[in-house]
Structures are given as C-alpha cells and as structure tokens.
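Asks: Spelled out, the chains give:
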Amino acid sequence: MDRKYLSSLNVKRRFMQISVFIFFFAVYYSSHYQNVLIGTFYSFKIGPIHIVDPYIYLTYFVRNISSPSIFLETFIGFLIPIVIAFFLGRVFCSWVCPYNFLYEIADIIRFRLTKRKIIKYYIPSSPRYRYLVLLILIVLGILLPFFPFYMVLPGLLSTFLHQIILRSWEFVSYFLVLFLIIFVVDFFLVKRVWCNLICPTGVLLQIFTWRRGLRVVKEDDVECGKCALCSFECPLGLTPHLDNHQTLCFNCGKCVAACERIRKGKNPLKFKTL
Amino acid sequence: MPIFKLKFQRYLRPPGALKEEEFIKKCIRCGKCQQVCPYNSIILTSWENPFQLGLPYIDARKKPCYLCMKCPPVCPTGALDRNLKDKEKVRMGIAKIDKNTCWAYQGSFCRACYLNCPIFDKALKMTDELLPVVVEEYCVGCGVCEHVCPVEPSAIVVYPPK
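One line per chain: the protein sequences are E and X, in this order. Residue numbers 1 to 274, in my numbering, belong to the letters of the first sequence in order. Residue numbers 1 to 162, in my numbering, belong to the letters of the second sequence in order.
Where hints are given, some of them may not hold.
[What the hints assert, rightly or not] If we take Cβ atoms under 10 Å as the criterion, some of the chain X residues that face chain E in the derived model are:
1) Glu22
2) Lys25
3) Cys30
4) Lys32
5) Cys37
6) Asn40
7) Ile43
8) Thr45
9) Ser46
10) Pro50
11) Gly54
12) Thr77
13) Arg82
[Stated by the list, open to error] No more than 25 Å apart at the CA atoms, straight line, and that leaves these computed lysine to any residue pairs for SDA-like:
14) X:Lys62 with E:Leu166
15) X:Lys25 with E:Phe78
16) X:Lys19 with E:Glu73
17) X:Lys62 with E:Ser168
18) X:Lys25 with E:Asn64
19) X:Lys19 with X:Leu84
20) X:Lys70 with E:Leu161
21) X:Lys25 with E:Ile49
22) X:Lys62 with E:Phe160
23) E:Lys270 with E:Asn10
24) X:Lys70 with E:Glu73
25) X:Lys85 with E:Leu72
26) X:Lys70 with E:Ile70
27) X:Lys62 with E:Trp169
28) X:Lys162 with E:Ser67
29) X:Lys25 with E:Ser67
30) X:Lys89 with E:Ile70
31) E:Lys12 with E:Leu274
32) E:Lys218 with E:Phe86
33) X:Lys25 with E:Leu144
34) X:Lys25 with E:Ser66
35) X:Lys25 with E:Phe160
[To be verified] The calculated label-pair distances, taken between Cβ atoms and stated as ranges, are:
36) E:Lys120 with X:Pro50: 33 to 39 Å
37) E:Ser66 with X:Lys85: 25 to 31 Å
38) E:Thr114 with X:Glu20: 47 to 53 Å
Calculated directly from the structure, the hints in this document are not laboratory data. Where is the CB? At the ideal position from N, CA and C, for every residue including glycine.
In isolation and in its complexed conformation, chain E is listed as follows (with noise of 0.2 Å):
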C-alpha cells in the first residue's frame, strides 16, 4: 500500500465513524417514513438484508434451540459481520462501533487538557480470560434472559440514541447511568477494559477472524528501529514493534501510519493479507 494512502487512512476511518453517528441519526428521524433502513446495532435492515450482532444472536439461538423457527435472513444477519471479520479482522470496531469512537474523542480531550498520552492501557495478560469471560456472558444471558444480554455497547448506544429523538426520558436516564458507570470505570479506572477484554461482540468477531486475514505484521527485511511510535499510536496500548499484538488488534492503521511516517516509506510495519 503506497505512503498517500496510508497516512490518509486515519481520516477515512474518522469520516466513517462520524458517518456512522450521522447515518444512526437519519435512521432515526426518517422511521416513519421509510421503511427500507431500520434498527439498531443489535439488529439492522437494509432492505431485505439483515445484519444482526454475532453476539446477541448466539445467545438467542442457543436460548430458543428447542423452537421451530429460525428466520433465514435473520441467520444470514448473523452471518454477515462474521464474514467481514473473517477476510478483514475486527475491522468493526475500530471503523464503526460508537464506544469505541466515543472512547477516541474522550483520549483526544484528555490528551489536550492534560497534555499527556495514556500508553499504559489494561491488556489481559492471556487471551484466555477474554474467552471465560465471553463464556460467562453467553451462559448468564441464556440462564437469565435479561440483563446481561443486552449490555452490547454498540447496541445500546443507538437505542439510546433513538431514545433521546423520541424523548423517552426514563430510558435516557437509565441508560446514562449505566453508561457512566462502564465509562468511569473504562476510562479511569482498568483503561480500555471493555474493548481489550469483556465486549462480547468483539471477541466473537476476534475468534472467527482468520490468521491470513487482513492484519499488521513486522517484515524481516527492513530493520525495526524500536522507537516504539507504533505503540505510541496504538489506541488500545498494544506493542506491534514486538509483534505479539494479534488477537486484540482491530487494524485501524495508526501504527502502520506513524512507521510510515518516520521511516519514509521504508517501514517493517505493514498490513498484510494471506
């Protein structure tokens, strides 16, 4: 991928997370009169096509296994992100999840108040909590089918979205609530937990995502400086110039970036497909 491109990739990646936001918006405002876009990120329609979030459907399919009818193109929903993540990685939730956008503007204004860069973000020590703690999640929403099924960020985020336009104030305020209390906690407490180990949407994606699939790698062939700007960038705190960084990335190309950048072009820091 040429230097113009990848420098430029940040920008795209912010234009597609604002358009999210903006698009959520028109959804919303549009709802009685249109009938081709509807939902949330739990489950959204676009035509016929429905794109469903892997974790939510999972756990409602295990929970109605003994019922007759599984709509098709509600399991072809279900399909969809797994596909993506397959061939592209957790490209979901850098380019489109609102947490995790939400979370960057947040780092942005802590970086501007207090003119210091967070770089020691919580990363589990094996990926193996992420998958106990998915486990948890799955067996507590089939056992109990309420609370913790519902908690998805990206999901709630635009329910609560659509709320606020149609001014349902009691959900509003439940929802801030409970949205403080994640965010508070993620944001100055154990930094970016939510993301690096319980979003049970993002380790779903993360375990279907394949090895060859789109990811960044450190070539042998150009020698690492280890200035460590890759991690520097990384908005998860990962450390790609050590190249231990996998399951938790999800490739939103500032490392690759800012290797770019200091090395003209000449980078070990790549994307790499199969």
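Given the structure of chain E, go ahead and fit chain X onto it with the hints provided.
Replies: This is chain X only, laid out in the frame that chain E set:
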C-alpha cells in the same frame, strides 16, 4: 429456560406477540417495532422493570395501539408473529370495566369507550343503549378504550393474557 420465574407486573406487548415466556426468550430488543410504530406507542422498558430492560411494551393509558399492524412483519426473530395481518385476530389482552367507577354504570350518559373501539359494536357493546359491556371473544386488547376513558384512573383497563 429461565432459572428464575420472576413474577412482575404483566405488560401489554405489541400486537402479534407470542406468549409472555416465549416472547421474553425471543425478543432481542432490537427496537425495530418501536421504530416503525407511526404513533410512537411502543415504549422500551427501563426503570419500571430493570430485569426486562429493553423489552417493548405499550402503556394503553398513555398511547394505545391503533392496530396499524406495521410492527409484526419487521420483528427479526418472530417474537411478534410476522404472519398476523388482520387486526381482528390480535390478542394483546382483554379489557375489563370497573363497574364501580365507570360513569355509565353510575347513571351518566357516557359512550366514550364504545364510540372509539376500533372493533366497533362487536368488541364493546352498549346494552340498553346505556351500559358498556366487553365482548371478550372479539376484544383485541388495543387499549383505545382505556386511553379515551374520562375517568381518572381509567374505569376500563386492558389486562394482558396470563
């Protein structure tokens, strides 16, 4: 297979909803039914029942269901029966009149529920032109009667099925 049988207040679900147990299992709280409802009658549960966070219900007194039948086809999981198209076949609940507070039963000449019932003169009949009576086999449970009743609190209330 919920491990706890939580006994809370029963809510009026959108038209076409399955039995309450099935409905809670199937509904994924996507919010599509709320989005297509042209009257904004559907509310998502929050403080009133934190164990049912996100589940859609209708508060008939606030805004009843006007039986436009736009919500059943959009439900992605079948928690609302997508084949339900006739408003007469809806079974959201049954209305019951409290004869102690209903003005017609106290001697006044009130026909508010009867005149506004969408299943006109079948689900709600006026006996002797004076006293409203609910005909349970036709009542769909939409709640328009509860919404228009001039008594506070409403003398006619829709009860969801058991």
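Asks: So, for every hint listed, does it hold in this structure?
Replies: Here's how the hints hold up against the structure:
no., hint, verdict
1, Glu22, "7 Å, holds"
2, Lys25, "5 Å, holds"
3, Cys30, "4 Å, holds"
4, Lys32, "5 Å, holds"
5, Cys37, "8 Å, holds"
6, Asn40, "6 Å, holds"
7, Ile43, "6 Å, holds"
8, Thr45, "8 Å, holds"
9, Ser46, "4 Å, holds"
10, Pro50, "7 Å, holds"
11, Gly54, "5 Å, holds"
12, Thr77, "6 Å, holds"
13, Arg82, "8 Å, holds"
14, X:Lys62 with E:Leu166, "14 Å, holds"
15, X:Lys25 with E:Phe78, "18 Å, holds"
16, X:Lys19 with E:Glu73, "23 Å, holds"
17, X:Lys62 with E:Ser168, "13 Å, holds"
18, X:Lys25 with E:Asn64, "7 Å, holds"
19, X:Lys19 with X:Leu84, "14 Å, holds"
20, X:Lys70 with E:Leu161, "22 Å, holds"
21, X:Lys25 with E:Ile49, "23 Å, holds"
22, X:Lys62 with E:Phe160, "21 Å, holds"
23, E:Lys270 with E:Asn10, "15 Å, holds"
24, X:Lys70 with E:Glu73, "19 Å, holds"
25, X:Lys85 with E:Leu72, "21 Å, holds"
26, X:Lys70 with E:Ile70, "21 Å, holds"
27, X:Lys62 with E:Trp169, "15 Å, holds"
28, X:Lys162 with E:Ser67, "21 Å, holds"
29, X:Lys25 with E:Ser67, "10 Å, holds"
30, X:Lys89 with E:Ile70, "23 Å, holds"
31, E:Lys12 with E:Leu274, "24 Å, holds"
32, E:Lys218 with E:Phe86, "21 Å, holds"
33, X:Lys25 with E:Leu144, "9 Å, holds"
34, X:Lys25 with E:Ser66, "11 Å, holds"
35, X:Lys25 with E:Phe160, "22 Å, holds"
36, E:Lys120 with X:Pro50: 33 to 39 Å, "35 Å, holds"
37, E:Ser66 with X:Lys85: 25 to 31 Å, "27 Å, holds"
38, E:Thr114 with X:Glu20: 47 to 53 Å, "51 Å, holds"
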